[in-house]
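Make the full structure from the sequences, and use the hints.
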Amino acid sequence: MNLKMEKVAIDGVLVRMPFNPSFCGDEDKTLLHGGVLTALLDSVFGLANFVAIDGISSMATLDLRVDYLRPAKSRADVMVRAECIRQTRHIAFNSGRIWFDEPDQAEVARGAASFALTRGEVSIFEAMTQSRSSK
Amino acid sequence: MTPDLATQQLRKVPFFQFLDFTITELAETHAAAMMPFAERLIGNPIMEYYHGGIIASFMEAVAAISVSHGPDLRLPKPINLTVDYLRPAVKGPLITEATVKRRGKRMASVRAVCWQDDGSRPVADGLYHFLMV
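These protein sequence lines are chains G and D, in that order.
With my numbering, the residue at position 88 of the first sequence is 88, and numbering never jumps.
With my numbering, the residue at position 103 of the second sequence is 103, and numbering never jumps.
It is worth saying that the hints were derived from the structure and are not from the lab.
Glycine included, C-beta positions come from ideal geometry on N, C-alpha and C.
Only true hints are included.
Simulated restraints on C-beta separations:
#, chain 1, residue 1, chain 2, residue 2, range
1, D, K77, G, K4, 26 to 32 Å
2, G, D26, D, E48, 30 to 36 Å
3, D, E28, G, E102, 37 to 43 Å
4, G, M5, D, V90, 26 to 32 Å
5, D, E39, G, D104, 36 to 42 Å
6, G, D77, D, P45, 22 to 28 Å
7, G, K4, D, E48, 23 to 29 Å
8, G, D54, D, I46, 18 to 24 Å
9, D, P36, G, D26, 20 to 26 Å
10, G, D54, D, R74, 47 to 53 Å
11, G, T129, D, D84, 28 to 34 Å
For lysine to aspartate or glutamate, the following DMTMM-like pairs were computed, each having C-alpha atoms within a straight-line distance of at most 25 Å:
#, chain 1, residue 1, chain 2, residue 2
12, D, K91, D, D125
13, D, K77, G, E27
14, D, K77, G, D101
15, G, K29, G, E107
16, D, K77, G, D28
17, D, K91, D, D118
Written as structure tokens, this is what we have:
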């Protein structure tokens, strides 16, 4: 997805996804498919959890809910803001929103999810970012 | 509409091309599809589990097809979705079966279940709402 982290903080992360025509749902390639927004929310929720919660090695999505507020018709970059709204030892709760990086910035989708956390020394997040930077 | 013809039609949608799934069954209120495993669909690289968002997207695609299939491809607009993840999806093909629960003039509710080897052990279960176009 070629995600770029714009802001990373304990109270939430802001991520940019450059417009990608192969994620579109139409032949004209101007309308992002809803499934991409769902996958994007799931990824960025995971990221927000790794930032907000110490000592998690891995996590699994328990459930995910997405409301598509309007058609995702634009060729602008996609912005996602996600936060971990509550954490317990085993569970994290997330909320997030998606909009296009263009003047009116109208919200395209909102999502909520919960994750099961696995705690431990080795972090898959670190393993992923290391393998990426070494490529 | 045969499953093969529907698969061909869906290849026109760039995002469906990316997912690279095949429709295996198609009936009035029912659709099934198979998605082969690919490295790019992984969410957890150490355990090699599928990405949760990809599973939800695949289920959404099959749900949309179950509610609307005809000679011209006119997919319904998604309103919202809820997915429960029941177990990790490991390296190997994924199968999704979608059943229309209710289809009215304007709205449709579809139940989608996704599994790997054993239909009685689903990896995810979701409910999708669509606006008919």
